[in-house]
Amino acid sequence: MVSLNVNGRDVDLEVSPKMPLLWALRDLVGLTGTKYGCGRALCGACTVHIDGQAARSCSIMVGDAVGKKITTIEAVSGPVADAVKSAWQKLDVVQCGYCQSGQIMSAITLLSGNKTPSNEDIDLGMEGNICRCGTYQRIRAAIHEAARALG
Amino acid sequence: MNTICRFNPSRRAFIRDAAAAIGAFTLGTRIPFGPARAQSGGPSPGSFDPNFFLQITSDNSVTLISKHFEMGQGVTTGLATLVAEELDADWSQMRFVFAPANAAIYNNLLVGPLQATGGSTSTAEAFTQMRQVGAAARAMFVAAAAANWHVPAAEVAVSKGVVSHGTNRATFGSLAAAAMQMAVPKNVTLKEPKDWRLIGTHVPRLDSVMKTTGEAVFAIDVRRPDMLTVVVRRPEVFGASVASFDATEAKKIDGVVEVQPLPNGVAVYATNTWAAIEGRKALHVTWDTTKAETRSTDQIFDAYRTLLGQPGLQAIKRGDASGALGKAAKIVDAEFTFPYLAHAPMEPLNCTMELSADGAEIWAGSQLQTIDQVVVAQVLGLKPEQVKINTLLAGGSFGRRGNPVGDWVAELSFASKAIAGRAPVHLVWTREDDIKGGFYRPMVLHRVRAGLTADGRISGWQHQLVSKSIFAGTPFESALVKNGLDPSSVEGVSDTDYAIDDFDVRQHNVTTPLPVLWWRSVGNSHTAFAMETMIDELAVLAGKDPVAFRLALLAHDPRDVAVLRLAADKSEWNNAPAGAGRGRGVAFHHSFGTRVAMVAEVAVDGQAIKVERIISVVDAGVPVNPDVIAAQIEGSIGFALSTVLRNQITLRDGVVQQSNFDDYEPTRMREMPKVEVHIVNSIDQPSGIGEPGLPPVAPAVGNAVAAATGKRLHRLPLGLTTLAG
Amino acid sequence: MTGSRHYFGNLAKFGIGVGALLLAISFAVNAQEIKPDAAAALAAWDRIVGVLGHPRCLNCHQDRIPLQGDMRRVHIPLVVRGPDNHGVGPMRCANCHNGSGNNETSGAPGGGGSGVWQLAPPSMLWQGLSSADLCRSLRDTARNGGRDGTALVGHVDIEPLVLWGWNPGGDRTAVPMPHDEFVDQVKTWVAGSMACPG
Chain R
1 MVSLNVNGRD
11 VDLEVSPKMP
21 LLWALRDLVG
31 LTGTKYGCGR
41 ALCGACTVHI
51 DGQAARSCSI
61 MVGDAVGKKI
71 TTIEAVSGPV
81 ADAVKSAWQK
91 LDVVQCGYCQ
101 SGQIMSAITL
111 LSGNKTPSNE
121 DIDLGMEGNI
131 CRCGTYQRIR
141 AAIHEAARAL
151 G
Chain D
1 MNTICRFNPS
11 RRAFIRDAAA
21 AIGAFTLGTR
31 IPFGPARAQS
41 GGPSPGSFDP
51 NFFLQITSDN
61 SVTLISKHFE
71 MGQGVTTGLA
81 TLVAEELDAD
91 WSQMRFVFAP
101 ANAAIYNNLL
111 VGPLQATGGS
121 TSTAEAFTQM
131 RQVGAAARAM
141 FVAAAAANWH
151 VPAAEVAVSK
161 GVVSHGTNRA
171 TFGSLAAAAM
181 QMAVPKNVTL
191 KEPKDWRLIG
201 THVPRLDSVM
211 KTTGEAVFAI
221 DVRRPDMLTV
231 VVRRPEVFGA
241 SVASFDATEA
251 KKIDGVVEVQ
261 PLPNGVAVYA
271 TNTWAAIEGR
281 KALHVTWDTT
291 KAETRSTDQI
301 FDAYRTLLGQ
311 PGLQAIKRGD
321 ASGALGKAAK
331 IVDAEFTFPY
341 LAHAPMEPLN
351 CTMELSADGA
361 EIWAGSQLQT
371 IDQVVVAQVL
381 GLKPEQVKIN
391 TLLAGGSFGR
401 RGNPVGDWVA
411 ELSFASKAIA
421 GRAPVHLVWT
431 REDDIKGGFY
441 RPMVLHRVRA
451 GLTADGRISG
461 WQHQLVSKSI
471 FAGTPFESAL
481 VKNGLDPSSV
491 EGVSDTDYAI
501 DDFDVRQHNV
511 TTPLPVLWWR
521 SVGNSHTAFA
531 METMIDELAV
541 LAGKDPVAFR
551 LALLAHDPRD
561 VAVLRLAADK
571 SEWNNAPAGA
581 GRGRGVAFHH
591 SFGTRVAMVA
601 EVAVDGQAIK
611 VERIISVVDA
621 GVPVNPDVIA
631 AQIEGSIGFA
641 LSTVLRNQIT
651 LRDGVVQQSN
661 FDDYEPTRMR
671 EMPKVEVHIV
681 NSIDQPSGIG
691 EPGLPPVAPA
701 VGNAVAAATG
711 KRLHRLPLGL
721 TTLAG
Chain P
1 MTGSRHYFGN
11 LAKFGIGVGA
21 LLLAISFAVN
31 AQEIKPDAAA
41 ALAAWDRIVG
51 VLGHPRCLNC
61 HQDRIPLQGD
71 MRRVHIPLVV
81 RGPDNHGVGP
91 MRCANCHNGS
101 GNNETSGAPG
111 GGGSGVWQLA
121 PPSMLWQGLS
131 SADLCRSLRD
141 TARNGGRDGT
151 ALVGHVDIEP
161 LVLWGWNPGG
171 DRTAVPMPHD
181 EFVDQVKTWV
191 AGSMACPG
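Chains R, D and P supply the protein sequences, listed in that same order.
Position 72, counted from 1, in the first sequence is what our numbering calls 72; the numbers after and before it change by one each time, with no gaps.
Position 699, counted from 1, in the second sequence is what our numbering calls 699; the numbers after and before it change by one each time, with no gaps.
Position 6, counted from 1, in the third sequence is what our numbering calls 6; the numbers after and before it change by one each time, with no gaps.
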């Protein structure tokens with residue numbers, strides 16, 4: 001039995017502690033906003049927050065997430081999250097949108113730790129989030145916009 | 001379908017033949033339009049009955065029933081813009097849902113009778129129809145209001161979703177029930193471009209909010225009660241089949257409930273995705289590889305080369321290329337090679353089915369709904385109208401989800417049938433399945449010989465292409481492939497805009513069990529590189545400026561000239577970049593009706609290429625949503641760049657050597673150049689934008705590398721490896 | 001493992017005693033005389049350096065960017081050291097690498113407990129060092145985390161990230177020398193005053 005805290009709720013799962021958190025969230029807890037893109041921590045589509053810090057749920061085993069606060073795109077909140085989502089919408093960042101849950105979760109962590117990221121900071125921070133539709137230029141602009149809005 | 005780059009009356013033949021080849025399409029309960037009128041220069045007329053295309057409810061939302069599928073290209077925003085313009089709706093009222101499968105009502109008017117999204121045809125085919133829908137609905141609201149208020153219809157005004165006359169005001173929502181009962185007008189008048197309020201402006205995308213909150217539902221997110229998730233073990237080599245399998249260990253994995261053979265592999269059914277994946281790892285399968293492709297990439301290219309010099313299929317011949325080459329003062333002779341490429345959309349293939357005695361219901365990111373319907377029906381022994389397709393948002397496609405042979409929905413059907421539909425089946429491809437799964441952009445070889453006169457004009461051009469046909473063996477074959485020649489194999493060469501008088505293009509088909517498919521921009525994905533690299537090389541050999549050399553060859557087409565001139569202007573082409581290892585390259589390509597020029601600026605450091613900036617100019621006719629156009633150009637660059645720098649699918653003894661995003665690595669944020677997009681403000685019919693931005697990327701970068709290093713590269717990926725920065 | 005710690009404890013006492021005796025003797029004899037335990041230490045070092053250069057060790061004893069796999073490719077996705085050796089922003093090591101151990105589903109190696117996975121500190125940069133330089137680096141308390149001989153042996157004996165090299169998961173080759181043999185080599189080297197070549 002694995003007990004997780006997801007978006008503020010406690011959830012008990014009868015699963016192996018080695019199950020990837022991603023599949024627990026998507027298939028057992030019913031939260032499909034976090035996406036599967038590669039399963040090998042290469043693409044970032046599965047990014048959630050664990051204790052407020054970006055983590056790749058395809059690579060985190062549920063056993064390692066016990067006793068920690070897991071937050072998914074559906075519930076992430078706060079001034080940084082709001083600024084990021086608003087900037088994303090204002091600049092029409094999305095195309096297919098499939099990578100964007102992960103992009104946003106990573107961007108929130110980036111800005112939470114660095115209020116005025118340089119382009120190089122953005123490159124390094126967002127390196128792990130792939131976008132096949134090529135929205136990178138707008139992601140970068142949206143991060144700068146969110147930083148500006150947060151003052 | 002993807003061969004369209006001009007509108008022309010011969011399109012009618014394609015429509016008839018494709019329909020016959022595919023079989024009957026589903027008829028809806030209303031068939032409001034008569035036989036298609038032959039029309040030169042545009043799509044056939046379609047129904048504009050708002051009842052099929054709009055839902056307007058009392059909450060005042062105006063929902064577009066979109067016949068086109070949204071894979072990120074912005075089509076739902078585009079169609080909604082057209083409707084809202086003529087309807088005089090407020091943009092904030094607009095929503096969208098996807099239409100059911102129905103080739104009669106939701107026909108792609110350029111390629112139908114098919115419900116199909118692709119070939120960069122959506123805006124072109126729906127431009128008039130969607131405006132007519134909006135105008136018809138507006139007229140019906142006016143009629144309803146006029147009746148309510150007992151006033152002449154001609155005096156009723158509509159603005160931003162509010163209908164008014166004097167002090168009378170009513171929202172769409174309040175009038176909707178009455179309006180949709182009104183007679184659909186037989187004719188409608190559309191606004192003049194000067195009166196457009198929405199078309200040509202930046203309206204927020206309709207899918208932006210849902211895709212930033214986790215609310216957007218993709219097909220992979222579908223959950224049905226008691227659903228089983230299925231992954232399929234497919235052979236490592238294409239054309240192999242299952243000889244035997246042992247599921248003993250697989251069935252011991254917690255969550256695995258079933259293992260069944262399918263025609264193309266072995267399916268593992270489980271109560272969650274991880275269990276299915278782990279179960280599949282524990283499967284033991286032996287394969288019959290007697291009919292499989294077991295060659296390696298180098299061997300395949302060698303086999304391609306043996307076809308050169310054979311007569312092949314004549315794609316086009318004008319003048320006397322061989323004679324002109326014989327008289328040429330200088331000659332460029334080059335071989336170009338292009339690897340297999342995977343589509344690799346972020347959302348891997350997946351689909352869900354519920355099967356019963358009455359029929360089948362599917363949830364999928366379906367791009368060719370009515371073809372998928374027919375494929376499923378054939379596998380399951382149903383009539384197409386017994387197959388209900390729920391189209392959902394797709395996490396990218398780039399062509400993979402639009403497979404004329406419906407491989408993925410066929411697999412789903414077999415998987416459901418194998419368990420007699422006793423549970424809903426959610427079939428998922430892992431990323432490894434996707435990268436290794438075939439249906440790639442074909443492997444292609446070009447051999448080009450072009451000559452120059454002493455004063456630097458083209459004197460003869462012989463071009464041979466070798467590849468597997470995309471359409472042969474598919475329902476589109478009879479309509480598109482003529483005398484063995486698949487036009488998508490040569491598009492971008494045989495129909496080049498360049499005024500080459502003595503021109504001979506031949507194509508050689510190869511066969512292989514490895515399946516191929518259109519990949520964003522199809523033939524243009526390799527032909528533009530060959531053409532633009534040759535043209536550039538000839539320009540340099542002739543001692544002429546690459547832009548001026550091209551302008552002279554395009555002089556007959558003012559729209560081509562305008563685009564290229566603007567690109568030169570915006571990139572300050574005449575100011576050479578400073579510094580060693582720096583260079584600029586230009587490329588121009590006309591595909592899917594759209595003209596694009598790009599100037600790329602690169603810095604080369606040893607083996608590393610850094611693309612720093614790309615200036616792009618695009619003429620796509622009337623720009624319905626300029627910001628979406630810009631996004632598609634930016635996105636084409638982001639998508640294409642990794643194929644320019646490094647991506648390839650290679651075979652060793654028939655086994656694909658790549659498996660995931662580490663050895664088939666897409667473009668990363670830090671590699672993205674600064675992109676500037678300039679859109680020609682046109683009043684011509686809108687053409688496509690999903691694909692045309694892609695073909696010029698590789699040659700613009702390749703030509704820039706040549707300028708920076710003096711090294712001319714005749715292959716993709718360019719071969720100076722990896723990324724810089 | 002316990003036995004060798006016990007053995008080490010006794011050896012340490014013995015070694016210190018012997019060392020002190022030898023030191024005393026060395027003042028009394030010709031300084032150029034080669035001590036037998038130094039020769040053994042050099043031989044042990046020769047074997048130790050092969051382990052340190054193995055991908056399982058060297059991949060994380062890098063300057064700025066870890067390497068991956070037996071093919072030692074640059075880490076994909078690209079990650080960098082950051083101010084605390086644990087990466088930067090959304091790309092911190094523990095964001096993918098589990099504290100509990102290797103993840104055979106994602107392929108990400110792990111271990112050491114929650115949040116432990118990291119690049120070795122910059123002082124322990126080994127990439128590009130010659131055997132002699134590496135030897136001197138390892139025994140330099142300014143660069144080896146302030147460890148004396150005892151602590152060095154303890155480090156290779158029980159440090160989780162070191163032990164991981166022998167249980168790396170996936171298709172990564174483990175360190176070719178058995179772990180307890182490696183510990184013995186380090187003890188021999190320490191006992192021989194951590195003699196270095198050249």
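It should be emphasised that the hints constitute simulated quantities derived from the structure, not laboratory data.
Cβ atoms here follow ideal geometry from the backbone N, Cα and C, with glycine treated the same way.
Hints may be right or wrong, so weigh each one.
Unchecked claim - Straight-line distance between alpha carbons at most 27 Å, and here's what the computed DSSO-like set of lysine-lysine pairs gives:
| # | chain 1 | residue 1 | chain 2 | residue 2 |
| --- | --- | --- | --- | --- |
| 1 | R | K18 | D | K317 |
| 2 | D | K252 | R | K90 |
| 3 | D | K674 | R | K18 |
| 4 | D | K252 | D | K388 |
| 5 | D | K251 | D | K468 |
| 6 | D | K417 | D | K570 |
| 7 | D | K317 | D | K330 |
| 8 | D | K160 | R | K90 |
| 9 | R | K115 | D | K251 |
| 10 | D | K281 | R | K18 |
| 11 | D | K291 | D | K468 |
| 12 | D | K711 | D | K544 |
| 13 | R | K68 | R | K18 |
| 14 | D | K252 | D | K291 |
| 15 | D | K317 | D | K281 |
| 16 | D | K330 | D | K544 |
| 17 | D | K281 | D | K251 |
| 18 | R | K18 | R | K90 |
Unchecked claim - Label pairs and their computed distance ranges (CB to CB):
| # | chain 1 | residue 1 | chain 2 | residue 2 | range |
| --- | --- | --- | --- | --- | --- |
| 19 | P | S114 | D | S296 | 38 to 48 Å |
| 20 | R | G30 | D | A576 | 26 to 36 Å |
| 21 | R | T116 | D | D501 | 55 to 65 Å |
| 22 | D | T286 | P | R147 | 46 to 56 Å |
| 23 | R | K68 | D | T511 | 52 to 62 Å |
Violations among the numbered hints
1, 2, 3, 4, 5, 6, 9, 14, 15, 18, 20
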